[in-house]
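All chains should be modelled from the sequences, with the hints used to inform the complete structure.
Protein chains in written order, with my numbering: chain A, 1 to 295; chain B, 1 to 279.
Rather than coming from a laboratory, the hints here were simulated on the basis of the structure. Each hint should be verified, as a subset may be incorrect.
[Stated by the list, open to error] Listed next, the in silico DSBU-like pairs over lysine-lysine satisfying Cα-Cα at most 35 Å (straight line): (1) 140/A - 10/B; (2) 139/A - 244/A; (3) 11/B - 139/A; (4) 35/A - 238/A; (5) 202/A - 10/B; (6) 244/A - 64/A; (7) 102/A - 53/B; (8) 102/A - 124/A.
[What the hints assert, rightly or not] A few chain B residues that don't get close to chain A, going by computed Cβ distances all over 12 Å: (9) 9; (10) 57; (11) 62; (12) 78; (13) 173; (14) 175; (15) 179; (16) 180; (17) 199.
Note that CB positions come from ideal geometry on N, CA and C, so glycine has one too.
For reference, the chains in residue letters:
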Amino acid sequence: MKKSAFKKIEPYIWMLPSIILMVTMIAVPVFTVFKLSVSDISRSGVVKGFSGLENFQSIFASAKFWHTLQNTLVWTVVVVGMSTLLGFIIAMVLNQNFACRKIVRAIVVFPWATSLIIQSIVWKYIITADFGSLNVILKKLGIISRNINWTPNAAAYFAWECWIGIFVTIPFVTFCVLSGLQSIDDTYYEAADIDGASFWQKLYRITLPLLRPNLTVSTVLNIIYVFNSFPIIWTITKGDPADKTHTLATYLYKLAFTNGRMGQAAAVSVVGFVILCFCAGIYMILSLRAEKEEQ
Amino acid sequence: MKKSRKGLIKKIALYLFVLVLCAVILYPYFVMFTTAAKTREEMYALNMTILPKDWKWSNFVDVWSQAPILRYFLNSVIVAGGATCIAILCGVPAAYAMSRMQFKGKGFFLGAVIMSQMFAPVVLLMGIYRLMLDLNLTNNLLGLILLNAAFNQAFAIWLLRGTFLSISPEMEQAAKIDGCGSVGSLTRVLLPMAAPGIVTTLIFVFINAWNEYTMALTLISTDTLKPITVGINVFNGFNMIQWQYMFATSLFATAPVIILFLCIEKHLVAGLTSGGVKG
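See below:
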């Protein structure tokens with residue numbers, strides 16, 4: 001009798017350390033952020049009381065917020081979309097047989113293992129106009145004759161930030177796809193070849209359906225990471241010029257820790273949660289539907 | 001005849017693609033390396049060259065005395081090492097329960113673990129900052145250790161559970177018949193067999209914590225407590241950026257991580273995708 005009671009609670013005991021860690025370090029801050037978003041907070045950080053939806057009203061009234069939201073969507077869609085496409089192509093190529101394949105695979109890991117902050121610092125140096133490496137190399141190659149200003153305006157800065165985002169995200173996609181490609185049985189392709197299937201037919205009918213779990217994992221995780229990404233934009237522009245290159249992550253950081261508007265920053269955080277939860281919901285519905293179709 | 005020609009073109013295109021790919025990926029590392037070996041005068045010279053005119057290898061030695069780099073590295077090791085230990089010590093039992101036991105709320109816990117991924121440190125920073133103030137852990141490496149452990153917990157459980165699920169439970173059942181308890185069958189039977197997966201998880205958490213920037217930037221203000229990702233900005237002075245030292249430090253901070261990553265790459269990707277597929 002005693003033993004069966006223990007059996008019942010045993011799994012929870014095993015999970016207790018992990019639960020305690022995650023509740024104190026993640027769930028408590030989540031709760032605090034929600035609380036701060038409906039609080040009136042002084043510049044020094046003292047909570048003065050409940051303020052209802054005032055923080056939300058003030059961020060929704062700001063044009064900067066809407067511009068930031070637009071940037072965040074562009075940033076997420078462009079970085080995840082392009083890195084998935086390029087990562088997929090690179091994985092297809094790396095799955096071919098060629099000399100030095102192992103070395104090339106190792107090189108593709110590099111951007112994934114490098115700290116985002118270091119990667120961003122290097123690219124910041126590369127695109128500097130007067131002494132940046134890109135101008136020097138292009139001049140030596142004879143492609144340009146004078147230094148080009150690579151970042152004449154906010155849009156150009158933002159485009160470079162997107163490129164760095166794509167650059168560092170590609171390896172993850174590549175390796176997710178590659179591990180899937182290597183588990184596909186060659187006989188499928190042999191059978192398709194006998195039937196005279198073209199490259200595109202094989203891609204759509206064999207490769208993509210079999211890679212769906214891998215692509216799902218990489219896309220879902222990338223959407224979350226890219227949406228919340230902070231170091232790239234913070235290093236390159238800090239959201240400037242004129243707050244035109246912010247995403248939600250850098251915008252709320254600036255609101256909270258530079259401008260001392262904790263309440264509004266918390267409200268921006270909450271908006272971010274809601275958007276991600278909405279995406280997660282859509283994903284759940286789609287994947288459930290796909291599962292049903294398969295059955 | 002025609003076919004072999006087509007094959008040749010295909011082959012050339014393949015090698016060209018690979019060549020361009022490698023050139024683009026290695027470009028930032030090439031820039032880091034060549035710039036790190038330039039003299040300060042050359043850095044801002046009008047007539048810039050790609051390679052340094054005279055290689056100043058001493059930069060790689062001097063950088064250690066230019067700023068408390070060693071201290072920053074030590075802090076990074078402490079934070080990443082501590083976070084890895086805690087993440088594994090909490091993650092192994094949790095993954096064990098989730099892969100070997102049936103209980104109420106298992107689906108909920110798995111869902112919660114995956115959901116926790118959605119809360120990146122940066123969107124929780126205000127909450128984290130207040131929590132650390134309450135716990136008196138701002139400007140403290142222990143705070144960073146606990147936070148990094150928690151934010152890597154989901155990945156650790158995910159990877160470990162995938163590993164455990166891929167190992168048949170028969171051996172443990174046999175051990176239990178021989179009188180081993182749950183603890184014994186985990187430590188004596190399962191863990192040795194799961195060693196590759198555990199090493200992968202260890203290294204992955206270590207790298208994530210090593211590369212973490214946002215929380216360290218916000219929570220640490222004392223110079224001697226900064227990890228390398230934050231400390232590196234010491235060369236980003238008010239009126240002059242000392243690129244050569246910045247990049248020398250970057251190389252020192254990056255090389256070990258890339259080597260570690262190469263060791264686990266195969267296991268890691270298999271673990272990430274399989275952990276997600278096996279519901």
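Residue 35/A and residue 238/A were given as a pair; does the straight-line alpha-carbon distance stay at or below 35 Å?
holds, 27 Å
Pair hint outcome, residue 202/A versus residue 10/B [Cα-Cα no greater than 35 Å]
holds, 18 Å
Is it the case that residue 62/B keeps its Cβ farther than 12 Å from each residue Cβ in chain A?
Its Cβ never comes within 12 Å of chain A, the nearest being 19 Å, so this holds.
Hey, does residue 175/B actually stay past 12 Å from chain A on C-beta?
holds, 17 Å
Confirm or reject: residue 78/B is not an interface residue toward chain A, with every Cβ-Cβ distance exceeding 12 Å.
About 17 Å separates residue 78/B from the closest Cβ of chain A, which puts it past 12 Å; holds.
Taking the closest pair, is the beta carbon of residue 9/B still more than 12 Å from chain A?
holds, 14 Å
For residue 244/A and residue 64/A, compute the direct alpha-carbon distance and say whether it is at most 35 Å.
holds, 8 Å
Is the hinted pair residue 139/A and residue 244/A satisfied, with a Cα-Cα distance of at most 35 Å?
Distance ~31 Å between residue 139/A and residue 244/A Cα, so the pair holds.
So residue 180/B supposedly isn't at the interface. Is its beta-carbon more than 12 Å from every beta-carbon in chain A?
holds, 15 Å
If I take the minimum Cβ distance from residue 173/B to any residue of chain A, is it greater than 12 Å?
For residue 173/B, whose nearest Cβ neighbour in chain A is about 15 Å away, the distance exceeds 12 Å, so it holds.
Residue 102/A and residue 124/A were given as a pair; does the straight-line alpha-carbon distance stay at or below 35 Å?
holds, 30 Å
Just double-check residue 57/B for me: nearest Cβ-Cβ distance to chain A has to come out over 12 Å.
Residue 57/B clear of chain A: closest Cβ-Cβ about 20 Å, beyond 12 Å.
Checked against the numbered hints given earlier, this structure breaks none of them.
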